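Student: Below, each chain spelled out in residue letters.
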Amino acid sequence: MSGNRMYCHCSAVLVFLLFLSSPVAAVTGDAGRGEALFVGKTAFELGGAPCLACHDLSGLGSAVAASFGPDLSNLYTDYGAEGVAGVLESLAFPSMEAIYASRPLTEQERFDLTAFFAKTSEQQAPAAKPLVGLILLGIIIVFAIVALMGLRRLKGVRQPLVDQVRKQRGIKA
Amino acid sequence: MDIRAQVSSVFHLDKCIGCHTCSIACKNLWTDRRGNEYMWWNNVETKPGTGYPTKWENQEKYRGGWERVGTQLRLKQGGKASTIGKIFHNPDLPTMDDYYEPFTFKYADLTNAPAGTDQPTARPISMVSGKPMKIEAGPNWDDDLSGSTVYAANDPGVIELTEEQQQQLFAIEKMVMFHLPRICNHCTNAACVASCPSGAIYKRGEDGIVLINQDKCRGWRMCVSSCPYKKTYYGWATGKSEKCILCYPRQEAGEAPACFHSCVGRIRYLGVLLYDADLIETIAMKEDGELAAAQREMILDPFDPEVIKAAREGGLAEQIIEAAQASPAYKFVKEWGIALPLHPEFRTLPMLFYVPPLLPVLSTENQGTQKIADNFFTSLEQARLPLMYLAGLFAGGNEEEVKAVYRRLIAVRIQRRALSVDDMSDKEVEKAREISGLNSDALDAIFRMTSLTRIKERIVVPPMLREQAIEAGMNPEEYKQGMGFGSRKAPKRRW
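Respectively, the protein sequence lines represent chains E and C.
Under the numbering used here, the first sequence has 117 at position 117, and the numbering climbs by one with no breaks.
Under the numbering used here, the second sequence has 12 at position 12, and the numbering climbs by one with no breaks.
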């Protein structure tokens, strides 16, 4: 009985685990290749544009931050593996459809990209410095340069002269 | 040879009594406007003193004029790239306090104040903010106070002197001072012209008067900092810079400039000088002490047939050559050699010359008769004003230049004294002439020009030949129709 129960328990867990891991197991994608596809280092087989051309993903740096499409940092967290796979399969957004309808992603590419999204959602890179901060920093630097140049400025001749003589002779203004 | 004409002036400092009539005449005529209150195109300073603006002669602070860099002349405030680099924040401008905060008095209070137990007073108020203020400086602050411990003692020229010379200068009962009237020098190598980023400043071809085109000026104020004499001013109401125009509208009508015309002491002489513009660059590169002499070299003899020929070829009108021959400035500067430029070491080649003051020599130590020729010439070193001080003002530190002028001025006095008092031996007079290097006629001419001449001889305004000048640029008929009142326009940009 005990053994039977044990068996049942084990198999239930196994089924549950299988259920849990089945999509993960199905995705045999390579996150590294996924990144290469995302940034465009490796071209999509059927000629689709790399994701980066329109989308941003935190962790890739401000220099490659396109903002035509939404930020994809939280894609995996929001949609899950199946959602991502589904989206990548059809890409049925009006602006994307025109590009990808005739140049769909191959199955392997979809797996790779999903793996990449999964990986980045785990890593969840620290939020990129907001642009406002960068601008502020720039302004501070400019002001600092101007202030440095201003140190050489002629700051008055007469008053310092009078002050100096008064000081020498111990006269109060 | 590239001969040009320059309306040039000579100020005879021995004759200046420091009455400021010139300053007031100029102020009433040209700078009696809002935003120009602090400007004195003509001002009179007491020397020793720091002048207006305070310590203007100290170019380590104000960075005006030219300096030699290798074999080139460069503006002390920096070259073109540097000018553009600091175009929005010129760091070398004098502050308002260095000029002075213009003030007036609340005169209305004298009549409108409510009845009370005290006399009503007119409080000083600032002409900038309109608020009551404490007057601490003015354009002629410490006027006539040669012993002032603040301003006289800090005269950049006095600081150069030895401790002993300074004490001698400020010793009680020996204290000495003179007045130094200043206007724009209308330099041949003007730093203001070179510094203007808008190209608004120019030197008129026909008479060498330096002007700021009010239509072109954008108020960058580079001229204010680059002029070593601090004779361009920024008008804060118009947002443009202004400077002495040598009363060219008056001159074009045949009148003397207002400050010349009103001069009570008749110290001001005006006339055309012919000079060789090809020499400007080489002369401006000379050593400090050589500059005054080199500048004399640049000025040409208007009686020399070759000069006349070259001038005609260069397009100078006959009337201008005649005016140059009648010019008292030529006599003072070149023929008699008794007028020197102010601070030639700024290298702008100023065209306003000064006869240095030959101050009364003290004779308290010797009550009896003096052998004046012998004593004066040997005692120049003990003159009341150290020669070094005057050499610093008028000759880039070269005492020989000032000595040469003094010898001539003393010779004039000795010759006149022999004639009118008749208490000197012919031998002594002859010796004086010999030392001065001028003959009896020249000494007499100096005396005459200094004391007897009338205004038309002292101030020889050349025919300005506006017709020719207009013809050179545009059709005179068109000018007459279109330029009636000049091209007066409101500036597009106002502050």
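Derived from the structure by calculation, the hints contain no laboratory data.
Predicted model, so just to flag it, every value in this text is computed and none were measured.
Take the hints with a grain of salt, since some may be wrong.
Straight-line C-alpha distance at most 25 Å; calculated BS3-like pairs for lysine-lysine [stated by the list, open to error]: (1) Lys155/E <-> Lys331/C; (2) Lys155/E <-> Lys431/C; (3) Lys134/C <-> Lys167/E; (4) Lys86/C <-> Lys155/E; (5) Lys172/E <-> Lys86/C.
Student: Output the numbers, in ascending order, of every earlier hint that fails for this structure.
Tutor: 1, 2, 5
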